[in-house]
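With the UniProt record's numbering as the guide, the letters of the sequence shown map in order to residues 1 to 166.
Hints listed in this document are in silico derivations from the structure and should not be mistaken for laboratory results.
Heads up, some of the hints might be wrong.
[To be verified] Listed next, with one range per pair, are the computed distances between beta-carbon atoms:
| no. | residue 1 | residue 2 | range |
| --- | --- | --- | --- |
| 1 | Asn134 | Leu84 | 19 to 25 Å |
| 2 | Ala121 | Ser32 | 30 to 36 Å |
| 3 | Pro97 | Phe27 | 15 to 21 Å |
| 4 | Ser32 | Lys124 | 29 to 35 Å |
| 5 | Tyr26 | Ile52 | 26 to 32 Å |
| 6 | Glu5 | Ala121 | 52 to 58 Å |
| 7 | Arg42 | Arg125 | 35 to 41 Å |
| 8 | Ala145 | Ser4 | 47 to 53 Å |
| 9 | Glu5 | Thr128 | 43 to 49 Å |
| 10 | Gly8 | His58 | 28 to 34 Å |
| 11 | Ile149 | Glu111 | 14 to 20 Å |
| 12 | Ile37 | Lys124 | 30 to 36 Å |
| 13 | Arg38 | His58 | 40 to 46 Å |
[Claimed, not checked] For lysine-lysine, the following BS3-like pairs were computed, each having C-alpha atoms within a straight-line distance of at most 30 Å:
| no. | residue 1 | residue 2 |
| --- | --- | --- |
| 14 | Lys87 | Lys41 |
| 15 | Lys87 | Lys120 |
| 16 | Lys61 | Lys41 |
| 17 | Lys124 | Lys87 |
| 18 | Lys87 | Lys116 |
| 19 | Lys120 | Lys61 |
| 20 | Lys157 | Lys61 |
| 21 | Lys116 | Lys91 |
| 22 | Lys116 | Lys157 |
| 23 | Lys91 | Lys41 |
| 24 | Lys157 | Lys87 |
| 25 | Lys61 | Lys87 |
Where a beta carbon is used, it is the ideal one built from N, C-alpha and C, also for glycine.
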Amino acid sequence: MVASESSGVVWNDEMDDFSSPGHPNYFGYPPSPANFIRPGKRPMSSMSPIVIYNDNDHLEKLAIGGAGGSTIISGVAGSALRSLWLKRNVKQAVDFPRLHNQLQPNVTSYEPNFPKEYVKALEKRGHTLVPVHNLTVVTAVERAADGVIYANSDFRKGDESSPAGY
Numbered sequence: 001m002v003a004s005e006s007s008g009v010v011w012n013d014e015m016d017d018f019s020s021p022g023h024p025n026y027f028g029y030p031p032s033p034a035n036f037i038r039p040g041k042r043p044m045s046s047m048s049p050i051v052i053y054n055d056n057d058h059l060e061k062l063a064i065g066g067a068g069g070s071t072i073i074s075g076v077a078g079s080a081l082r083s084l085w086l087k088r089n090v091k092q093a094v095d096f097p098r099l100h101n102q103l104q105p106n107v108t109s110y111e112p113n114f115p116k117e118y119v120k121a122l123e124k125r126g127h128t129l130v131p132v133h134n135l136t137v138v139t140a141v142e143r144a145a146d147g148v149i150y151a152n153s154d155f156r157k158g159d160e161s162s163p164a165g166y
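Please model the complete structure; the sequences and the hints are all you need to start from.
The structure is reproduced here in structure tokens:
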């Protein structure tokens, strides 16, 4: 974190990760007393990078992370699941339409191109669904079985969809 030498004010958007009494955060998540602003305290965060190693040779198989507040966890976990369990390549895993529910508020957000049959099945089960554009932004790198390394920087990032630093 970077702070002003004269005022001590932190210069970043991490401050939204703190809770304020009576005010939900940007994503509608209710305030958490354990995360109220106090001197010297760091905010809890939804950052959830994952590094998966191959059991056979102990080399990295998948490194994945995201940006987007409380939607990070569902975006990163969903992309990792599609890569590891559904055997999608890193491009397919990251680009697949997203679904997100953070329980409070109990609303399931989905991207408009999310498969309609799943949306209808969730509605039948009583879920409240709301279409949203571009949930979390995910970046992933995978080492394929043949040793070739592939990466995907999420198209949801828009014109800045190149990996940072390139």
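_With the threshold set at 30 Å, check whether the alpha-carbon distance from Lys124 to Lys87 stays at or below it._
Roughly 29 Å between the alpha carbons, so the hint for Lys124 and Lys87 holds.
*Check the following: the C-beta atoms of Ala121 and Ser32 are separated by a distance inside 30 to 36 Å.*
holds, 32 Å
*asked:* Is 30 to 36 Å respected by the C-beta to C-beta distance linking Ile37 and Lys124?
replied: With a Cβ separation near 42 Å, Ile37 and Lys124 fall outside 30 to 36 Å, so the hint is violated.
*Hint says 19 to 25 Å; check whether the CB-CB distance for Asn134 and Leu84 agrees.*
Taking Cβ atoms as reference, Asn134 and Leu84 lie about 24 Å apart, which means the hint holds.
*Take the C-alpha atoms of Lys61 and Lys87, compute the straight-line distance between them, and say whether it is at most 30 Å.*
Given that 30 Å is the threshold and the Cα spacing comes to 12 Å, the pair holds.
*Taking the beta carbons of Tyr26 and Ile52, is their distance inside 26 to 32 Å?*
holds, 30 Å
*Taking 30 Å as the top limit, are the C-alpha atoms of Lys157 and Lys87 close enough?*
holds, 24 Å
*So does Gly8 sit 28 to 34 Å from His58, Cβ to Cβ?*
violated, 44 Å
_The hint says 14 to 20 Å between Ile149 and Glu111; measuring C-beta to C-beta, is that right?_
violated, 28 Å
*Proposed proximity, Lys61 with Lys120 (alpha carbon, max 30 Å)*: violated, 35 Å
*Assessment of proposed distance window 47 to 53 Å (beta carbons of Ala145, Ser4)*: At 49 Å between Cβs, range holds.
_Whether the CB-CB distance between Pro97 and Phe27 falls inside 15 to 21 Å_ = For Pro97 and Phe27 the Cβ distance comes to about 19 Å; the hint holds.
In this structure, the hints that do not hold are numbers 10, 11, 12, 14, 16, 19, 23, in rising order.
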